[in-house]
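Novice: First to last, the protein sequences are chains Z and W. Position 351, counted from 1, in the first sequence is what the numbering used here calls 351; the numbers after and before it change by one each time, with no gaps. Position 253, counted from 1, in the second sequence is what the numbering used here calls 1253; the numbers after and before it change by one each time, with no gaps.
Keep in mind that a hint or two might mislead.
[To be verified] Covered stretches of chain Z, as calculated for chain W (at least 3 residues, CB under 8 Å): (1) 119-130; (2) 275-286; (3) 774-784.
What the hints contain is simulated information worked out from the structure, not anything from laboratory work. Note that the structure is predicted; figures quoted are calculated from it, not measured. All C-beta atoms in this analysis are idealised placements derived from N, C-alpha and C, irrespective of residue type, glycine included.
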Amino acid sequence: MGNYVGKPVKRREDARFLKGAGTYTDDIKLRKMTQSAFVRSPYAHAKILNIDTSEAKKAEGVVAVFTAQDGCGEFGVPCGWQVDFKNGETMREPKHPLLAKDKIRHVGEAVAIVIAESLELARDAAELVSVDYEELPAVTDPKKAMDKDAPLVHDDWKDNAAFDWCIGNDRAEVEAALEKAHHVTEMEFRNQRLAPNAMEPRSYIADYDVNGDKWTLYTSTQNPHLIRLLMCAFALGIPEQKVRVVSKDVGGGFGSKVYHYTEECLVTWASKEIGRPVKWTSDRSEAFLTDAQGRDHVVKSKMGFDKDGKIVAHLTDEYCAMGAYLSTFAPAIPTYLHGTLFQGVYTTPLIHLNVTAPFTHTVPVDAYRGAGRPEATYLLERIVSKGAREMGIDPTEIRFKNFIPPFDGVEQEGYQTQVALQYDSGNYEGVLKKGLEMLGYEDFRKEQSEARKNGKLIGVGFSTYIEGCGIAPSAVVGALGARAGLYEVGQVRVQPTGKVSVFTGSHSHGQGHETVFAQFVADKLGIPMDDIEIEHGDTDQVAFGMGTYGSRSLSVGGSAIMKSIDKILEKGAKIAAHKLEAAEEDLDYAEGKWTVKGTDKSVSFGDVSLTAYVPHDYPEGLEPGLDFSSFYDPANFTYPFGTHIAVVEVDADTGRVMLNRFIAVDDVGNIMNPMIVDGQIHGGVAQGVGQALLEEVVYDEGGQMITGSYMDYAMPRADDLPMIETANTVTPCPHNPLGVKGAGEAGTIGSTPAVVNAVVDALAHLGVTDIQMPLKPQTVWKAMQN
Amino acid sequence: MIPAKFEYMKVSSVGEAVDLLEKHGFDAKILSGGHSLLPAMKLRLNRPEVLIDITGISGMDSITEQGDEIVIGANCTHSQLLRSELVQKQVNILAQAADTVGDVQVRNKGTIGGSLAHADPSADYPAVVLACDAVIVAEGKNGSREIAATDFFEGIFTTTLNDDEIITAIRFPKIAKGNYQKFYQSASRFAVVGVAVVRDGDSVKVGVTGVSDTPYRATAVEEAYAGNGDAAEHAVDDIEVMSDHFADVEYRSHLAKVMVKRALEA
Chain Z
1 MGNYVGKPVK RREDARFLKG AGTYTDDIKL RKMTQSAFVR SPYAHAKILN
51 IDTSEAKKAE GVVAVFTAQD GCGEFGVPCG WQVDFKNGET MREPKHPLLA
101 KDKIRHVGEA VAIVIAESLE LARDAAELVS VDYEELPAVT DPKKAMDKDA
151 PLVHDDWKDN AAFDWCIGND RAEVEAALEK AHHVTEMEFR NQRLAPNAME
201 PRSYIADYDV NGDKWTLYTS TQNPHLIRLL MCAFALGIPE QKVRVVSKDV
251 GGGFGSKVYH YTEECLVTWA SKEIGRPVKW TSDRSEAFLT DAQGRDHVVK
301 SKMGFDKDGK IVAHLTDEYC AMGAYLSTFA PAIPTYLHGT LFQGVYTTPL
351 IHLNVTAPFT HTVPVDAYRG AGRPEATYLL ERIVSKGARE MGIDPTEIRF
401 KNFIPPFDGV EQEGYQTQVA LQYDSGNYEG VLKKGLEMLG YEDFRKEQSE
451 ARKNGKLIGV GFSTYIEGCG IAPSAVVGAL GARAGLYEVG QVRVQPTGKV
501 SVFTGSHSHG QGHETVFAQF VADKLGIPMD DIEIEHGDTD QVAFGMGTYG
551 SRSLSVGGSA IMKSIDKILE KGAKIAAHKL EAAEEDLDYA EGKWTVKGTD
601 KSVSFGDVSL TAYVPHDYPE GLEPGLDFSS FYDPANFTYP FGTHIAVVEV
651 DADTGRVMLN RFIAVDDVGN IMNPMIVDGQ IHGGVAQGVG QALLEEVVYD
701 EGGQMITGSY MDYAMPRADD LPMIETANTV TPCPHNPLGV KGAGEAGTIG
751 STPAVVNAVV DALAHLGVTD IQMPLKPQTV WKAMQN
Chain W
1001 MIPAKFEYMK VSSVGEAVDL LEKHGFDAKI LSGGHSLLPA MKLRLNRPEV
1051 LIDITGISGM DSITEQGDEI VIGANCTHSQ LLRSELVQKQ VNILAQAADT
1101 VGDVQVRNKG TIGGSLAHAD PSADYPAVVL ACDAVIVAEG KNGSREIAAT
1151 DFFEGIFTTT LNDDEIITAI RFPKIAKGNY QKFYQSASRF AVVGVAVVRD
1201 GDSVKVGVTG VSDTPYRATA VEEAYAGNGD AAEHAVDDIE VMSDHFADVE
1251 YRSHLAKVMV KRALEA
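When you get a sec, could you build the whole thing from the sequences and use the hints?
Specialist: Spelled out as structure tokens, the structure:
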């Protein structure tokens, strides 16, 4: 490797972030900019009888008040993925209106926007909008939503299903194998709904320029080009070339800022109506009520084992909530990003998953860090551990028995799963062995039995996960219902002075692209990192892009940049050969210069760059300039994997769980910057532990969210976590030029079941076999009493 | 997160504050640390028309030794209390409780007077002032009066303060041995159960917060302790126990017993 790759280079972007000098959307102030506030429904399900905006329109500083009656009513935001019913019926795709017209379908749904000279005045006037509702019964639980008498979210259809779906082997075959199995382990649980909680709330400014009939939308999104495409082509019907979408500094997303939201579409529409810029920034209460949420599966599962503990079959039925409308990628999450991971790291020969995806009277569900894969991993890692305990097998032994043997994807072929995917490369035993060494497993078991004698409850839990990321091959996802390709764009523009601007369609909202991308570009070109600038998040700057989610930036976005660098070096060699009066094939490129093999004759990258832009003495027929753009469409998903181990102590009196150790051994392929990988794992683990121990969105029977603030929604804090012990093994990805797999979601995907397994292990001698997440003290204590 | 319109007035004396309270009545609210009031105002759950800022009143943030008592100015912040050597030495249980309030920002801004007047049923100090038999000093249009802690709390967010009164100080007897045990709610870090125990020779005084909508002296525990009974078992005798999604009646009652036991054994 070169000077930078593989080293813990400090993040270049942190200088501005740590000084509070980032420019987030809400920091932007435009001339004549207005502010807006939404009037939102206090009911989960209601008819709108009347909306009276007359008082609000008369209020001080009010510029405009719009409802669905005002022209924006005809527009809705689209869904980007189609999953049809098993019987061939088309996915039920209700219109997702910018403002509710006749009916409310979740608490917080907007019925009017009030635009005023200041935020204070907009908020005051919003209180003057009077809405008459007729409240209706609501359903928020995904399983109850499929009951015969459940209230309908959308009256157009006879029940609440958006679609149903299955994957894997023939159901009858799986059922037959379970009948014959030596032992069958069963589980029923709720993978609870989570709020994503990005630190920066969503924020938008739409600026319509009447002179050019053009729009600029400043938005806190993870994928500006996709927002432009969805909004222009599928929502508002405005010409794409007339719209510039800018998304520079964004304070976290975790998936929640992937989607095209009604608010950003509405301010864009409203800006033209009033001929002035319109800003809207969500407050934290609105974020709880309107940011797309995660998980919310009701799961029933059976796993069959032979007498040696080998898994013979796995059958699961799930109800997975969509919420009130289909958010941008919602149908893909409990299906293609979930069911395709049911192989796990095991050689299970027969697998079947059936999913029913109902509408519910809740905010929509979509991808939240890990997206479908945490839910798959949670089920697999819990049920394998439960099966092991029931059969009297050590939880590590059952894993070693069932692991897919190591394969590198080069010498040995990729592993074909029963659930469509082919894994690229893996060494699942390797990460567990390393984790066990770090843990000191034998000593821990001795310590545990001693502790039990003193009434102290300690336990260890394992999770040996795999995930599929680096999404995704366009043709594959297209065949699965995606309405977009999932390639990426990378442009490398060498300036005349030999300095380099890189334009990437990937989007950084905390990932550190300005550092990591510059590291490998610098090494590949043999020039200092300081000579490289990474640009992102502006549709006028970057040719195109599919954005950042699914741990795809380095494997897909980085690969696109690599392709462009290859083109730069190829053309550069032609210019260098001309200058050196040598044949191209006689040149070597290293440390920023082309050298004639076996001589000391060389020409630098900077000289060649200048020549490309001042082509006086220049190869005949070659175009001037040194600037290439590439699209990279991956050949496959990437498959990071790892072992997570949690050590917990449970307070016997109160049920409070203390996480004493957390070991994460992750294989994310080649590592560009180990510090950033560690940071990604730390953050991911914190969120995974959050789901295990603390976080849950709770709706009451009427559909009110009773966890709509940090007084009631428990986020993990620093003192909830131990020092996280991280380590890596490296199994390169065989199909992308950097050999990278992705690290953004691994921590969240792997960690949750490790923690729950550890708590069950601590309490197993009391007869506890399962506890529902989150493991609140009350829940744990009650499990201990039964 | 934008409050409704209000008028802001900063006063420099207690008299001035009392005059404004008398003038504006229900429309006015006293502002000290603001860490309960301002969030409620930003959500527009509370919309006073007038805010009377008392943080500029000189002398109201002092901690002094007066004979057998430690007198705490109502404007003392939680941080001041937990760092004060006098408090640590003479009313250590108060420093213990102050250390569990909120987070650093809250402790640096929030005040003991504000917390007591707000009377959140899950706040920490009520248990402590009850167990210590502290006295709350209030001033109103009719002058100053002293209210025993046991007479102070009336219900959820309600006290026996008159509308024109503000808390100026809290008088604590010197406490040789006390212990505060808190089981915090994971999201808010308020007390699901908070138990303060003060020992006086062979007897104990026990204050409990978080369990009921009004903090209480657990007299049943105190009596059982004196009679060498299983005192902690009586933690919720004759108490209507609160319930929420973190702790239902059964679990909260159990926790109260556990926390009483721990405080008694500490």
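Novice: Taking the hints in turn, state whether each one holds.
Specialist: Hints and how they fare:
1. 119-130: holds (count 5)
2. 275-286: Result for this restraint: holds, n = 3.
3. 774-784: It holds: at least three residues are needed, and the segment 774-784 of chain Z offers 5 whose Cβ sits within less than 8 Å of chain W.
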